[in-house]
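Peer 1: Given next are the chains, with one letter for each unit.
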Amino acid sequence: MNYLWGGLILISIVFAIGSDLHDLYADTYENDRVYQLQLSDAQSQMRNGESIELVLTGSDTSLSGQYKTDNKRSQLVILYSDSLPALWQARFAGDKDKTLALSITQAENGSFKATLPSIVWPRLEKMMQAAFDMADFAAKLAIGLIGLMALWLGLMQIAEESGLVSKLVKVVRPVLKPLFPEVPPDHPAMGAISLNLAANMLGLGNAATPLGIKAMQHLQELNDHRESASNSMCMFLALNTSSVQLLPPVTVIALLGVGAGGLFVSIFLATLCSTIVAIIAARWYAARSVAT
Amino acid sequence: MNHIGIVILPLLVASIVAWGMWQRVAVYEVFVEGAKEGFEIGVRIIPYLVAILFAIGMFRASGAMDFIFGFIGPVLEWFGFPRELLPMAITRPLTGSGSLGVLADMVNTYGEDALVVKMAATLFGSTETTLYVLAVYFGAVSVRRTRYAIQVGLMADAAGAIAAVIFCNLLFT
Numbered sequence: 041m042n043y044l045w046g047g048l049i050l051i052s053i054v055f056a057i058g059s060d061l062h063d064l065y066a067d068t069y070e071n072d073r074v075y076q077l078q079l080s081d082a083q084s085q086m087r088n089g090e091s092i093e094l095v096l097t098g099s100d101t102s103l104s105g106q107y108k109t110d111n112k113r114s115q116l117v118i119l120y121s122d123s124l125p126a127l128w129q130a131r132f133a134g135d136k137d138k139t140l141a142l143s144i145t146q147a148e149n150g151s152f153k154a155t156l157p158s159i160v161w162p163r164l165e166k167m168m169q170a171a172f173d174m175a176d177f178a179a180k181l182a183i184g185l186i187g188l189m190a191l192w193l194g195l196m197q198i199a200e201e202s203g204l205v206s207k208l209v210k211v212v213r214p215v216l217k218p219l220f221p222e223v224p225p226d227h228p229a230m231g232a233i234s235l236n237l238a239a240n241m242l243g244l245g246n247a248a249t250p251l252g253i254k255a256m257q258h259l260q261e262l263n264d265h266r267e268s269a270s271n272s273m274c275m276f277l278a279l280n281t282s283s284v285q286l287l288p289p290v291t292v293i294a295l296l297g298v299g300a301g302g303l304f305v306s307i308f309l310a311t312l313c314s315t316i317v318a319i320i321a322a323r324w325y326a327a328r329s330v331a332t
Numbered sequence: 093m094n095h096i097g098i099v100i101l102p103l104l105v106a107s108i109v110a111w112g113m114w115q116r117v118a119v120y121e122v123f124v125e126g127a128k129e130g131f132e133i134g135v136r137i138i139p140y141l142v143a144i145l146f147a148i149g150m151f152r153a154s155g156a157m158d159f160i161f162g163f164i165g166p167v168l169e170w171f172g173f174p175r176e177l178l179p180m181a182i183t184r185p186l187t188g189s190g191s192l193g194v195l196a197d198m199v200n201t202y203g204e205d206a207l208v209v210k211m212a213a214t215l216f217g218s219t220e221t222t223l224y225v226l227a228v229y230f231g232a233v234s235v236r237r238t239r240y241a242i243q244v245g246l247m248a249d250a251a252g253a254i255a256a257v258i259f260c261n262l263l264f265t
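Chains A and B are the protein sequences, given in the same order. According to this note's numbering, the first sequence is numbered sequentially starting from 41. According to this note's numbering, the second sequence is numbered sequentially starting from 93.
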């Protein structure tokens with residue numbers, strides 16, 4: 041996990057810097073290029089704060105924007121438009137609500153020279169923004185889970201105290217016992233595990249997560265090293281990540297227009313394969329960790 | 093298909109409560125007792141989720157993924173694994189919404205009847221967002237050393253991807 045996590049971060053930074061250096065060296069964004077502009081209506085007046093219309097000399101691309109000027113420099117503030125040259129569009133970095141400020145200087149014969157703001161280190165900037173956004177999103181996601189979690193954990197508590205869980209355990213014990221040899225057969229962990237797997241199979245995602253967490257808590261009670269995952273936990277995670285599903289999320293897929301009928305079979309078979317591989321791999325690792 | 097889910101959920105809730113009352117459990121008090129933990133768990137998983145999601149966010153935005161596609165795409169194609177499926181296979185274990193986006197994108201580009209789209213949908217349906225599940229589940233019990241769980245999860249994802257290609261080839265061609 042440490043290597044994967046650290047690797048993801050380091051690889052990202054190396055690639056972002058590499059791609060930005062490449063862009064800088066190859067001058068992909070043509071930072072210093074000067075564009076010739078002309079007034080589309082030669083009669084129009086250039087006044088501070090008013091909107092004017094200009095044409096890119098030698099093309100029929102027209103620009104309309106707000107002209108801003110003071111003693112030192114003049115700017116033309118334009119909005120995003122699909123008719124802009126690709127290099128100009130790149131300045132918006134995908135955010136079409138942004139404005140772009142061209143610095144313009146008046147040349148002879150009534151034309152203007154315009155330069156675009158330079159793009160430096162766009163990847164790095166975008167990457168750090170993504171990192172901050174995701175950190176923010178992660179916390180919101182966790183907070184958003186609280187309500188559902190409380191609901192299902194509450195119901196789960198009733199099911200446990202009323203003996204419903206232990207009844208369920210009796211039914212599923214023969215199937216689960218070989219997968220979780222370290223869990224005593226009457227332990228509530230078995231109940232939570234079977235409820236989580238049942239919720240997964242039926243495609244009840246928002247019930248499956250709280251039940252899975254409950255199962256993890258029960259497995260933690262049996263764990264000798266509290267900071268480190270037990271074999272049972274790894275097996276449980278293996279079953280969950282390979283997602284044993286009888287009713288796969290075909291609804292989601294069907295929403296996108298893919299015919300869901302045939303997919304039913306293929307998803308079921310693929311899920312079966314990934315689950316079998318997960319079980320075998322978890323058992324193999326568990327056996328190996330005992331041997332060493 | 094989730095009609096079944098619509099019926100099952102209320103039945104499940106009702107039968108848990110009904111059985112509890114039948115067994116003379118103080119249902120309300122016990123429910124509140126159990127629900128208390130919800131908040132604690134939600135807060136406890138935050139650092140784990142932040143760690144995982146922020147690394148994934150950086151990786152996605154850095155452009156490293158496109159480079160990797162260009163690099164191993166041809167190699168996989170040689171084994172009969174379509175290159176167009178690669179973004180899906182790599183995003184699926186990382187993010188749920190991201191991989192759904194990839195799937196929507198593929199439907200747009202290749203059309204809903206294309207074989208690769210069927211493969212991608214199969215892949216999407218047959219595996220989970222491994223890293224997210226790992227972060228939430230281990231985070232909830234404050235386990236930091238995950239030992240071999242990540243390897244097993246990724247192996248299962250790879251098996252799911254390969255199986256998706258094989259079965260879609262068998263079923264849809």
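By construction, these hints were calculated from the structure, which means they are not laboratory data. Model, not experiment: these values are computed from the prediction. C-beta atoms are modelled at their ideal positions from N, C-alpha and C, and glycine is treated no differently. Among the clues, some could well be false.
Where chain A lies over chain B, by a calculated footprint (3+ residues, C-beta under 8 angstroms) [what the hints assert, rightly or not]:
hint: 1; stretch: 122 to 129
hint: 2; stretch: 168 to 180
hint: 3; stretch: 253 to 262
What the simulated footprint calls covered on chain B by chain A, stretch by stretch (three residues with Cβ under 8 angstroms from a Cβ of chain A suffice, anywhere in the stretch; the number is not a length) [stated by the list, open to error]:
hint: 4; stretch: 104 to 114
hint: 5; stretch: 212 to 219
Peer 1: For each hint, tell me whether it holds in the structure or not.
Peer 2: Hints and how they fare:
Note: the stretch 122 to 129 of chain B has 8 residues with beta-carbon separation from chain A under 8 angstroms; the three-residue rule is met and the coverage holds. With 0 residues having a beta carbon nearer than 8 angstroms to a beta carbon of chain A, the stretch 168 to 180 of chain B misses the requirement of three or more and the stated coverage is violated. With 5 residues carrying a beta carbon less than 8 angstroms from a beta carbon of chain A, the stretch 253 to 262 of chain B meets the three-residue requirement, and the given coverage holds. Counting residues of the stretch 104 to 114 of chain B whose CB falls under 8 angstroms from any CB of chain A gives 7; the rule of at least 3 is met.
Three residues within the 8 angstroms Cβ limit are the bar, and the stretch 212 to 219 of chain B against chain A gives 7, so the coverage statement holds.
In terms of the numbered hints stated before, the structure departs from hint 2 and from no other.
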